[in-house]
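K.L.:
Okay, here's what each chain looks like letter by letter:
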Amino acid sequence: MHATIQKEMDVILTYLQPDEKIYVVGCGNCAEKCKSGGPEETEEMAQRLEKKGVNVIGYSSTPSGVGLCSLPMCRKMMIEENLDENNAADSFLVLACGQGIHTVIDATDGGEVHPGCDTIFGGETEQPGIVKEYCSLCGECVTAYTAGLCPMTLCSKMLLNGPCGGAKDGKCEVDKEKDCGWHLIYVRLKDAGKLHLLEAYYDPKNFAKWSRPRSLVVKGTEATFKSLAGEHTVSRED
Amino acid sequence: MSSLKEKLNNGSFVLTGEIGPPKGTDIEKHLEKAELIKDKVVAVNVTDLQSAILRAGSLATCHLLQQRGIEPVYQLTCRDRNRLALQSDLLSAWILGIKNVLCLTGDHTSLGDHPEAKPVFDFDSVHLLKASSILNSGKDLTGHDLDGSPNFFQGAVVSPGADPIEPQIIKMKKKVAAGAKFFQTQAVFDVEQFGEFVNKVNGLQVPIIAGIVILKSAGMASYMNEKVAGINVPDGLIKEMKNTEKSDIKKKAVEIAARLTRQVKPFCQGVHLMTLGWEELIPDIIEQAEIS
Ligand code: SF4
Ligand code: SF4
Numbered sequence: 568m569h570a571t572i573q574k575e576m577d578v579i580l581t582y583l584q585p586d587e588k589i590y591v592v593g594c595g596n597c598a599e600k601c602k603s604g605g606p607e608e609t610e611e612m613a614q615r616l617e618k619k620g621v622n623v624i625g626y627s628s629t630p631s632g633v634g635l636c637s638l639p640m641c642r643k644m645m646i647e648e649n650l651d652e653n654n655a656a657d658s659f660l661v662l663a664c665g666q667g668i669h670t671v672i673d674a675t676d677g678g679e680v681h682p683g684c685d686t687i688f689g690g691e692t693e694q695p696g697i698v699k700e701y702c703s704l705c706g707e708c709v710t711a712y713t714a715g716l717c718p719m720t721l722c723s724k725m726l727l728n729g730p731c732g733g734a735k736d737g738k739c740e741v742d743k744e745k746d747c748g749w750h751l752i753y754v755r756l757k758d759a760g761k762l763h764l765l766e767a768y769y770d771p772k773n774f775a776k777w778s779r780p781r782s783l784v785v786k787g788t789e790a791t792f793k794s795l796a797g798e799h800t801v802s803r804e805d
Numbered sequence: 007m008s009s010l011k012e013k014l015n016n017g018s019f020v021l022t023g024e025i026g027p028p029k030g031t032d033i034e035k036h037l038e039k040a041e042l043i044k045d046k047v048v049a050v051n052v053t054d055l056q057s058a059i060l061r062a063g064s065l066a067t068c069h070l071l072q073q074r075g076i077e078p079v080y081q082l083t084c085r086d087r088n089r090l091a092l093q094s095d096l097l098s099a100w101i102l103g104i105k106n107v108l109c110l111t112g113d114h115t116s117l118g119d120h121p122e123a124k125p126v127f128d129f130d131s132v133h134l135l136k137a138s139s140i141l142n143s144g145k146d147l148t149g150h151d152l153d154g155s156p157n158f159f160q161g162a163v164v165s166p167g168a169d170p171i172e173p174q175i176i177k178m179k180k181k182v183a184a185g186a187k188f189f190q191t192q193a194v195f196d197v198e199q200f201g202e203f204v205n206k207v208n209g210l211q212v213p214i215i216a217g218i219v220i221l222k223s224a225g226m227a228s229y230m231n232e233k234v235a236g237i238n239v240p241d242g243l244i245k246e247m248k249n250t251e252k253s254d255i256k257k258k259a260v261e262i263a264a265r266l267t268r269q270v271k272p273f274c275q276g277v278h279l280m281t282l283g284w285e286e287l288i289p290d291i292i293e294q295a296e297i298s
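Just so you know, the sequences run in chain order A and B. The first sequence runs contiguously to residue 805 in my numbering. The second sequence runs contiguously to residue 298 in my numbering.
Bear in mind the hints are in silico, worked out from the structure with no lab data behind them. Among the hints, a few may not be true.
[To be verified] Chain A regions said to be covered by chain B (calculated; three or more residues, Cβ under 8 Å):
| # | stretch |
| --- | --- |
| 1 | 716-730 |
| 2 | 760-772 |
[As the list claims (entries may be wrong)] Here are some chain B residues pointing at chain A (derived, C-beta under 8 Å):
| # | residue |
| --- | --- |
| 3 | ASP113 |
| 4 | ALA183 |
| 5 | ALA235 |
[Unchecked claim] Label-pair ranges, simulated between beta-carbon atoms:
| # | chain 1 | residue 1 | chain 2 | residue 2 | range |
| --- | --- | --- | --- | --- | --- |
| 6 | B | ALA91 | A | THR800 | 30 to 38 Å |
| 7 | B | LYS35 | A | LEU795 | 42 to 50 Å |
| 8 | B | LEU90 | A | HIS799 | 19 to 27 Å |
| 9 | B | LYS271 | A | LYS793 | 56 to 64 Å |
| 10 | B | ILE255 | A | THR710 | 44 to 52 Å |
| 11 | B | LYS271 | A | HIS799 | 49 to 57 Å |
| 12 | A | VAL578 | B | LEU60 | 25 to 33 Å |
| 13 | B | ALA91 | A | ALA655 | 48 to 56 Å |
| 14 | B | ALA91 | A | ARG779 | 16 to 24 Å |
| 15 | B | ILE255 | A | ASP758 | 42 to 50 Å |
| 16 | A | GLY760 | B | LEU90 | 34 to 42 Å |
| 17 | A | GLU648 | B | GLU172 | 58 to 66 Å |
Quantities reported herein were computed from a predicted structural model and do not represent experimental measurements. All residues carry an ideal CB built from backbone N, CA and C; glycine is no exception.
Using the sequences provided together with the hints, build the complete structure.
P.N.:
So, in structure tokens, the structure goes:
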């Protein structure tokens, strides 16, 4: 999921012109789990903005469990269900991640948008309201060698061949509250009797697979991932 | 030919020193520190934005040392440069006559004075060693021929006081496989622990230069114990510092550094003296350590 946190009201207000007609859009999936833009927070934001004198002409969120970042679902909400209000809006304040913001641009054929949230990372939802980052979306997963733990994310220096000399009591040099990713990897590999995986050499990362923007196109059983490293097609048929 | 390499290869016990470039352009007094120890050490390390604090560059400073007849060890970290810049700086260093390079990961940007900087870490230290080895072979990392190639004597670092030590040793082996020809260690204060470490890595057959950091006060020792990874200053040493009159503190610092040097000598091929501005004490340390 994409973790998001609402921007401060003072910041949001700087984006809006006096008398601008605003439509607030929320997301029933990730943003709901982060309490930053689910149906409840969307309604709440509309009310908070009105209290600040903003001309809010409507609001809606994709239903609980449905991501705003699905263009068909976003279109359904924006065009099929709320067309009049959307047509009347000067702009959309989007309480969702950056993907959701762009989905609103697409769904409204180039509508004007404002970000209502900062998109902070992709993470695991431990429980609603608690999200932690375990993957940096690098494009080529190396966790087969690291006991399932991501060195690109859990190691502050994205090291691939083992720990730096900065760990103290299992904590990283950047923050004594943060576990050293390589300490965690070492302990898990050792427990599993797989320290030979730590002994092997790993080449530098192919950062062309981490270029942006990237795309994925699935046709039948074939999926194609496109990045600056080229097209990478994988078939589900063996 | 690198004198450091020559000395390590013929089994001499080596002494190296260290300076940091200025925060600014006023480099003369930094070079003077190196001049002070010129005849006492085989080479002088130049740190690369140590602790992620902005300073003048290691490469330029190494060049100036070179011009004054002081052999530099060019410290190069992966924090601030991607693989293009790292390889390019290595080639530049060789063009300037620099023969020794110490390949480091580098402290994290967040620890320094520009914590909002983008940390690069395109490479880790093993990759950097390997890249240096590949340049030495006349190619670049992607296999293109070089028009003239370096022949670096490349070293790496290891932290003998790390806990657990096993992953450090595993990484040390990878560094050797990637081309590390010598190691400098994190500061050693606990000689017994250092000896145990050396026994574990003896089979690697690669020279180890023990890091000796000058103790300037009991407070500094406690601070390092608390904050710096891999450093264990025994209580006895802290007490010794505490019981020393202020006026005698430099004498005591020399005495401890010399004693540590004598004690680690049987386990290693040299000592890297990190005197943190007190370079003028190096001749006394050497004399008291009874090495020359
Ligand atoms: S290596 Fe890390 S960042 Fe890359 S895909 Fe795997 S978990 Fe994600
Ligand atoms: S202390 Fe651990 S997590 Fe932090 S940078 Fe070093 S290896 Fe990575």
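K.L.:
Now look at each hint and say whether the structure bears it out.
P.N.:
Hint-by-hint comparison with the structure:
no. : hint                               : verdict
1   : 716-730                            : holds (count 8)
2   : 760-772                            : holds (count 7)
3   : ASP113                             : 7 Å, holds
4   : ALA183                             : 7 Å, holds
5   : ALA235                             : 4 Å, holds
6   : B:ALA91 with A:THR800: 30 to 38 Å  : 33 Å, holds
7   : B:LYS35 with A:LEU795: 42 to 50 Å  : 47 Å, holds
8   : B:LEU90 with A:HIS799: 19 to 27 Å  : 24 Å, holds
9   : B:LYS271 with A:LYS793: 56 to 64 Å : 59 Å, holds
10  : B:ILE255 with A:THR710: 44 to 52 Å : 51 Å, holds
11  : B:LYS271 with A:HIS799: 49 to 57 Å : 55 Å, holds
12  : A:VAL578 with B:LEU60: 25 to 33 Å  : 30 Å, holds
13  : B:ALA91 with A:ALA655: 48 to 56 Å  : 53 Å, holds
14  : B:ALA91 with A:ARG779: 16 to 24 Å  : 21 Å, holds
15  : B:ILE255 with A:ASP758: 42 to 50 Å : 47 Å, holds
16  : A:GLY760 with B:LEU90: 34 to 42 Å  : 39 Å, holds
17  : A:GLU648 with B:GLU172: 58 to 66 Å : 60 Å, holds
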